[in-house]
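A.B. asks: Chains Z and V supply the protein sequences, listed in that same order. In the numbering used here, each number is its position in the first sequence, counted from 1, plus 1310. In the numbering used here, each number is its position in the second sequence, counted from 1, plus 566.
Just to be clear, a hint being listed does not mean it is correct.
To be verified - Only pairs whose alpha carbons sit at most 20 angstroms apart, straight line, appear in this in silico EDC-like list of lysine to aspartate or glutamate: (1) V/577 <-> Z/1584; (2) Z/1535 <-> V/788; (3) V/672 <-> Z/1534; (4) V/769 <-> Z/1511; (5) V/584 <-> Z/1331; (6) Z/1535 <-> V/800; (7) V/590 <-> Z/1331; (8) V/743 <-> V/788; (9) V/583 <-> Z/1335; (10) Z/1333 <-> V/593; (11) Z/1623 <-> Z/1608; (12) V/703 <-> V/650.
I should point out that these hints are in silico values taken from the structure, not numbers from a laboratory.
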Amino acid sequence: MSSESQLLIPLHVSYIKALGDNKDDLAYHMTTHLRMNAIYWGLTALCIMGHKEALDRQETIDFVMSCWDEDAGAFGAHPDHDAHILSTLSAIQILVTHDALDMIDVPRVAKYILSLQQPSGVFAGDSFGETDTRFIYCAVNALSLLGHLSDLDVEKTVSYIRRCKNFDGGFGARIGAESHAAQVFVCVAALAILDKLDEVDQQTLSWWLAERQLPNGGLNGRPEKLEDVCYSFWVLSSLSILNKISWIDSEKLTSFILSAQESENGGIADRPGDMPDVFHTHFGVAGLSLLGYPGLADLDPVYCMPADLIVSKGLRKSWKALERRTE
Amino acid sequence: MHGVKRVGQSKEALGAKKQREQAKIKDYLALTDDLLSRKKDKDWSKEAFDLTTRLLQVNPEFYTIWNYRRSIMLNGLFPPSSPEEINSLLASELSMTTAALKAHPKVYWIWNHRQWCLENVPEGPGQDGADFHGWRKANWDRELYVVEKMLDADARNFLAWNYRRYVLASMPIQRPKVSELTYTTRKIETNFSNFSAWHQRSKVYTSLWDSGSLDPIKCQEEEFELVRNAMYTDPNDQSVWMYHRWLVGSGKLYITVGALRQLNSTAL
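Isolated chain V, as found in the complex (with noise of 0.2 angstroms):
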């Protein structure tokens, strides 16, 4: 239990409590029961499926449920469906965790189903060129949206960063990288002590620079501008000096290539 406040309740209104729960937990062992002895008797059915959409809602941690959940649909939903109805149906699952997510940003069981759903997104709708990759292009960039939205709501979730990385990582249709780089700089802008996007920063920086796509002598003088910025800003604050001893730490390496290279064509 994270951040939940101790309230001092008297004995009568613990008790009250108490009583009002009885109807609620009655069902909710009923529900749990019952779904619990459908998926030992390997029932596949759409009610079932709809079951674990009931007791989802009110519990998104119950693993066994989302597994029985993925059951559902491998064995019963998915065999007589079209691809067509097949990405309909991950799009609403997508769409029914959305709501859940935003309740329990931090529920690992959400986000692991997400990237099921996204696993199992058949290519199509066409048999070629860029209508393939039509559906799961479709998934991917709302993915991306979603987890925008998330990292707006709480912009250190580390879930959400976590999925992030994902999805950019898995996209039908890669993103240029620099996108990336820009993304951050907005996240920083908005709050410079947020380390998260300092350290999403720094692997985007380095896959940039190792793959020569950016210069890094002249990135880091850039760099080094912002995080002085940032310094003035709060001068107490961890996030941007951990970043600061990443620059020059990594700045040693480039910079030496830099200057050998540059030896190099002097002596040419």
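Only chain Z is shown next, with the shape it has when bound in the complex (with noise of 0.2 angstroms):
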């Protein structure tokens, strides 16, 4: 067997524990907005490989919680960084999957996600005011982990993503917005916690989701755009809340994820050739274990952690992967 046919997991999981080792490289230091995501990234796609250990549980936690914004009342994505959402469900993420989330304020938390509601139901990213689909699944998910998403007002935020829908059933980033594979997903996964999916065009959709599949195997995340791993999840966790992960070839998809694995130091890149990061680690990860890889952990397509947790938490929403392979 070549290395490319198999997930070298003892290199991933190497690759992602070396992560924190770069102090030496500029482009580490040049990454510090995203750390909290990184962190994340990295810990689920360990989860997911049955590697759990391999972080620090309580280094993991004294990051999440030095990151805390006690102005806002919420996380930064590093220390003496501003609050975001998108830092925020990160580390409410992290938190929950190391059974932690007593260490904050989660009143507190909850109110600061709340207040960036808008009046036309879409959710901005922090006081400044972009708004994004995005943000709404961020808010929705992260409400949901906190056991405070009886405090949303669920028809004014679904009517905004009702107006983000397309002719082709996808979904953009904003109202009129061209339909593209990670909105679909956030808009979807947003719909699937509040318990709205009739509010998607299922046949049209799950059809614009399959088209995403390319003759290589790999999936784009709009038409004629070039394929790329981190579609492998938006893609398929849409249609596996859908309930049609068999529309797309999972044998050539598969194959295209492995092909982008960096054999010698691990890590798995946008698309063969190219440099690893832990984005596309993780998404390429959540992919495979969705495709029913075998020896991995089931990763739940709607919250994007581990499914046994979600259960655990009593969160659960009817998606379906594709039957976990024994060999």
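With the hints as a guide, bring both chains together as one complex.
C.D. replies: Right under this line is the structure:
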């Protein structure tokens, strides 16, 4: 078997473990604005590969808490960075994964998130007001994990998502924006959490999602664009939620993801031959989990977290991934 | 990281690269620490503002520094300034981010900052008439020009399209909607495979038909002709088939309405 026909779990585990050791690398310091997300991506990928212990629990929790923004009542991406909904969701996901939500003032964080909802129903990313359907997903996911979903005005939120729906069944970042697989995921997953999947034109959207697969097996995010490993997750998660994951050629997609692995030092890239990073490593592993790849743990496509955790919190929605293969 | 090729480098080459980077890291971290502590101390000075320029030129993804920059303007630079000075400050802000955008066309924070700048352009220079919108009009016209340049460089950049829609929707003096139709025609004729332009076209038509500004039946005949040409050019391109699907779907509705109208007029 060539190295690229199987998932190189030990290499990817050591790749993720080593990410924190790159402090003599300029790129490490230039990416502090993504650090909280990066830890969530790394930790979740490790959980799915069965190596949650590879990142020290206490160190991780200490880092998350060091990013608390006391003025805002939420989390920034790095110590002394401003609170933002993107880093706040990642922080909550990390704390839930480590069963450490008791570290934070949950009602205060919920209040911060709710304060970002705009009159139209969309959420802003922070107090400076950029809006995007991504932030609706962050808010809905985070409020659900915090047990504060009942504080949300569901109809107002759903009405904004409804206005972002396009003729192709997909959703964009804002009203009028072109359908994009990642925006489809955030809208569909938010609707799933809110039990409002009847808002989705399921046949049309599943057709559009299935059309994302290219002859080389990879998936793109929009018509006539290049394939990219991260779309494996955006598209597959949406199809799992719509119970249509079999509309993709899973064998070809599995090979495509495996071919984007870096076989010397680990990590997965956007496509074969490119530099790996933790974002694509996480979404590649997540995609393989949904495709039933042997030896991986189940990933919940709605919350993008380990499935057993979501079940134990009583939050599981009715999605369906491919059955886990034994070899 | 997207589209960055993996290059095999020897241990020695990597070591030498890291060595060269150490001085840069030291400068970068010193500047970062300085700015984050000034921010904590609520330093709203011009000096701090200029330091944010330096840091953002190196790293335009540093959202906290964009936030700090806006706080400096709101709390330090705007209050003692006349509307004219605020307008020229924002204009130079837009110039600075134009350079940043060319190097980083997909950084959300830069687009976001431009939108914030536009929203803060004061009314003026005059009290009323055309002059009342003078500054805003000049800034909006320039934004439309910039976003067209960005879409010339990458016709599928969805951040640029989103920004374009924002600029068009918020123009102080609205352009006729038909001119956006002309723009999409131009983009599609340059490249039939540009689904972003087809998508925009479907939105513009829907709005023009719903408002009664254009006759759907007549438009649809012309659109089918355009679609047919595109299909002949590249039958395997998804963009045009997707648009065709929309055209057929939307057509039913308007053709039915049209047929009913005709029926009504015959009966009368």
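A.B. asks: To test your reading of the hints: which numbers does this structure violate?
C.D. replies: Per hint list: single violation, 2.
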